[in-house]
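Asks: When you get a sec, could you build the whole thing from the sequences and use the hints?
In case you want the letters, here they are:
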Amino acid sequence: MTEILNILALGLLLGGIYALVSVGLNLIFGVIRVVNFAQGEFVMLGMYGALAAQVALGFDPYLGAVLILPALFALGCAVYWLILRPLQGEPMMQIFATFGLLMLIQNAVLAATGGAAFSVNSSLAVGSVALGPVQVGTGRLIVLIAATVVTGGLAWYLNATWHGKAIRAVAQDRAAAKLMGVNVQRVYTISFGIGAALAGLAGCLLAPLYSMTPQIGINFILPAFAVVVLGGLGSVAGAYLGGFIVGLTEAFSGYYLDPALKHAVLFVVFIVVLVVRPQGLFGHAGAEEVGLREDG
Amino acid sequence: MKMDEIRPTSGPAQHAAVAAAARTLRHEAPLLAGVLAALLALTWAFAGDSFALNILATAFLFGGVATAWNVIGGLGGQFSLGHSVFFALGAYMTANLVLHAGLSPWLALVPAAALAAGAAALVSWPVFRLRGPFFAIATLAMTEVMLSLSTYFDALTGGAQGLSIPFRRGFWNMIFVDRMSYALLMLGFLAVCLLAMIVVTRSRLGYRLRAVRDNEGAAQAAGIDVLRVKLAGMAISAALTGVGGALFLMQVRVVDPPALYSLFDVGVKVALLALIGGIGTTYGPMLGALLVIPLESWLRAELGGALPGMNLAALGLVLILTALFLRRGIVGALRGLRRPAILARRPRPAGEAAR
Amino acid sequence: MLTRRQFAAMAASAAALAAAGRARAAEPLKIGAVNPYSGGMALYGDEVTRCYELAAKQLNDAKGGLLGRKVEIVRGNATSAQEGIAAVEQLVGRDGVEGLIGTYASSISNAASEAALNYGKFYWETNALAAGLTERGLPNYARSGPSSEDFGKRSVEGVLDLAAKRLGKDAASMNVWLEHEDSAYGTSIADAQKRLLEEAGVTVGIGAHSYKAIDVTDSVLRAKSAAPDLWVLTGYVGDTNLLLRAARDQGFAPPAIMSVGVGDTKETLDALGAEFLEGVLLVSYPRADISEDYGPGSNAFLELYKAEFGRDPVAPQGMTAFVGAKMLFEAIEAAGSTDFEAVMAAAKAMDRPEGSYETGYGAKFSDQMQNTRAAPVIAQWQGGEVKAVYPTAAASAEVVNLPRA
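Protein chains in written order, with our numbering: chain A, 1 to 296; chain B, 297 to 651; chain C, 652 to 1056.
It should be emphasised that the hints constitute simulated quantities derived from the structure, not laboratory data.
Each residue gets a CB set at the ideal place from its N, CA and C atoms; glycine is no exception.
Mixed in with the good hints there might be a few duds.
Output of the computed footprint for chain C on chain A, the stretches with three or more beta carbons under 8 Å from beta carbons of chain C [as the list claims (entries may be wrong)]: (1) 3–10; (2) 54–66; (3) 118–124; (4) 188–197; (5) 270–281.
So the derived list for chain C, only partly shown, Cβ under 8 Å to chain A, looks like this [as the list claims (entries may be wrong)]: (6) Gly-691; (7) Leu-818; (8) Lys-820; (9) Ser-824; (10) Asn-826; (11) Asp-833; (12) His-860; (13) Gly-961.
Replies: Below is the structure:
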């Protein structure tokens, strides 16, 4: 019994990690339908940013988020404006361009750091907590809580604030949103910036858990797409749950089948869901078509 | 829509199709012959320079695979980023036949192509229901699955350590000491791929593929069996890619999952080459390869040593700039220069067509 | 019908004739260094080649070079087997190297050395581990450093001579869990470990994980359920650190932990902290701070490295590379030429006892040209520092914290 609880806990915590990493991608791909393969690199930059903040200013990585978020927001806006705005409505070119961006960012960091693995420690993410019969790493628990808070915050933002509604309006129907007085390009730019900033936040919170290398971003990007698609495009809650689906799938297949096969199992499940229910498990039918229309 | 109408198997329709193909070839033959003659001359010009010949051989090989990709990616508009699966299957099949059945690699090319085509049919059927970026992401997921499985189930793949073909010189072993032979071998492969691309482009399948690419809904409404058309295109593309994988195996003689399934070296690379050269054009991917492969090699030699990774960063920048400014590729840009008044048709992959 | 050897010999003599025309005294003796200088292994590829360059510099300063010519190391970047072939083509064809040295990864070494044979150039392997590299019997190939087999053997000694003894158990009652990353590197070492341990009668459980995994807690839980006496990790820095962290979080505390190949650098110390790492055994290349008795000149190497590069060595692979280059230089000197057959013959004739080099290696090549006197050492984290503890000749400290408190 303890064993299953352990695996369950592991899956949920892992789900928290995936949900946190994917919440930014959900906004970018799920809502405004821009295919961004460099999203994992934003997470990596967040990690290295936390490292820089600790080395230069002695900041705890959680505190370093205060600096990382605006920096990545700015980077996201710049990336959108320069690279993705001209490619609006052309998802395949977006894939190429963001792949190129992935290579550029990853190797720029490699050139700058030489490739050594770095660690960042936080005074908060130390040790583990006992929840009943199960041991839970403090750092991971923090990530899970953060994922929940951020998801809730994003849902609130999209539903309750004018800006958030503008984002949803643009995703639903660009032309109509324009008619309603929404500055479409500004909405896209800001959304992308927010998505990048959220990825950076994930990086800061994950930094105490991993030894960071320039290649670590690429390990996150495909699972992140799996999360967003599995959970349901356009649905913030769906992406949150998608994280747990991915986390639990990996945890159970890793423990009961073989850790070397869990990746394969996850992606087979992903392909099956994609084929059988392309709108994801919690999305509305036809959700996958939204936003890919080419219009004004 | 019956299979017959895509590829007639009997009667007057078949005669007409053969006649059409013959006309095609006569039409296109001069240009193809010219291009191949030019490449042959280029190869001969570097005779004795193994370094250059090796790069040319690699460029021809990946030019061929990119041309194969173009059948489904450019003509059909289905941007697969998972062609490394077919590449790997071709390599593994050939390796097993050579190592365990003592077969000549030349003969093994046929089963390699068949396996790849079979895999394409099997795997594409569910995945072709997806549009645009979802299709691309699904093909990436497929690559990951195959990478994991190839590493784990090592009976036929040699697992993580891979397979290696021992050196045994000879034409029938497809193992040569001099680089000229490899360059000529790969040029032969490129020629076959170009020929296939030309034949498909001018065939009914080619027209149907383009119809599907430009507007899938309308094509369906016009009575085209979209799934069949995509499958046929994918099977041809995969078969040629599988042969490419087999030739890669014979050139390098050491293959393992990270090399075969590599996104940057195979999966995304062939799409990249087609993009830079001109997606959907016949000679575009070949041009892309002839440009990028030597460039890559030069970047790796010049930049790779001093600051680690700068060569790949430069390549990433090239990719970004191409996607932004050179979407039609070099061939497309050249066409635009020649006839600036006529807007060259920009290939629009399925998924972004108006609804 | 020419054999490859004959073709190579012809190519070599043609090159020699061409070279004879030039003013040879002024020409540097170029040796091509095939290594990954970009991508995920860039750090190690660069480190290894820096140490070749250091060895060349030392030789040039001390003796004016080799065969009366200054030695120059020319870099050839290769991150895959195909790039390895291209690198050899470039180094031989364009840069005019007379031989090759390398290589951090086995698949690159495999392909590059075959390409080198086509030109009749020697391929001197200093670091790559796969046993198959020497088992192939390639006539231009020799490995100066340890193989995966040597790592396996040393791991087993760690299990039996160190851990088992201190736990008061004999081989038959020992239970070991081997956790390895699933690429060629981890698999080749783990295969050797498993075979040798089972031959010794030890109960072995084995688990594989991807070094790119986002989470490895499942691997830890599986190992935990086997309740091993010793947990052996063979991987890269990222996944080894992740495993250790997960073990700490999960309360997985086997009586002994051993990390093979990595885990002995600052990267792991920063990640886990000195307290947790106390007593963790390390099977790795001999470090620069090894005792002078065991590895004469290791202190001098450390000084030389720091003076040249202004930092501490990045990884112990470097010193092995340094020593490998030195061995190559000795072989060339003894052969009197860079002709690959002469160099290989000279290497085969080398007979230096263990403890001849900075790493504590000797030089005695088997029929398959594998140096039989090169072996990793076992060290241990003690008080935030890595101290060699085995073999006894190399030891600078006693074994502590075994079983782990």
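Asks: Each hint: holds or not?
Replies: To see whether the hints hold, each was checked on the structure:
1. Residues of the stretch 3–10 of chain A lying with their CB closer than 8 Å to a CB of chain C number 4, which satisfies the three-residue condition for coverage.
2. Figure legend: the stretch 54–66 of chain A, annotated as covered by chain C; annotation inconsistent (0 residues with Cβ-Cβ distances under 8 Å, at least 3 required).
3. Restraint check on the stretch 118–124 of chain A versus chain C: 3 residues with Cβ-Cβ distances below 8 Å, three needed, restraint holds.
4. Chain C is given as covering the stretch 188–197 of chain A, and this is violated because 0 residues of the stretch bring a CB closer than 8 Å to a CB of that chain, at least three being needed.
5. By the rule of at least three residues with a Cβ nearer than 8 Å to a Cβ of chain C, the coverage given for the stretch 270–281 of chain A is violated, with 0 such residues.
6. Interface restraint check: Gly-691/C against chain A, minimum CB-CB distance 5 Å, threshold 8 Å, status holds.
7. With its C-beta approaching chain A no nearer than about 25 Å, Leu-818/C sits outside the 8 Å limit, and its interface hint is violated.
8. The restraint placing Lys-820/C at the interface with chain A is violated, with a minimum CB-CB distance near 27 Å, outside the 8 Å limit.
9. Checking Ser-824/C against chain A: minimum C-beta separation of about 26 Å lies over 8 Å; hint violated.
10. Because the beta carbon of Asn-826/C sits about 19 Å from the nearest beta carbon in chain A, more than 8 Å, this interface hint is broken.
11. With its C-beta approaching chain A no nearer than about 5 Å, Asp-833/C sits inside the 8 Å limit, and its interface hint holds.
12. Because the closest C-beta pair between His-860/C and chain A is about 5 Å apart, less than 8 Å, the hint holds.
13. Violation of the interface hint for Gly-961/C is found here, the shortest Cβ-Cβ separation to chain A being roughly 13 Å, above the 8 Å cut-off.
Hints 2, 4, 5, 7, 8, 9, 10, 13 from the earlier list are contradicted by this structure; the remaining hints agree with it.
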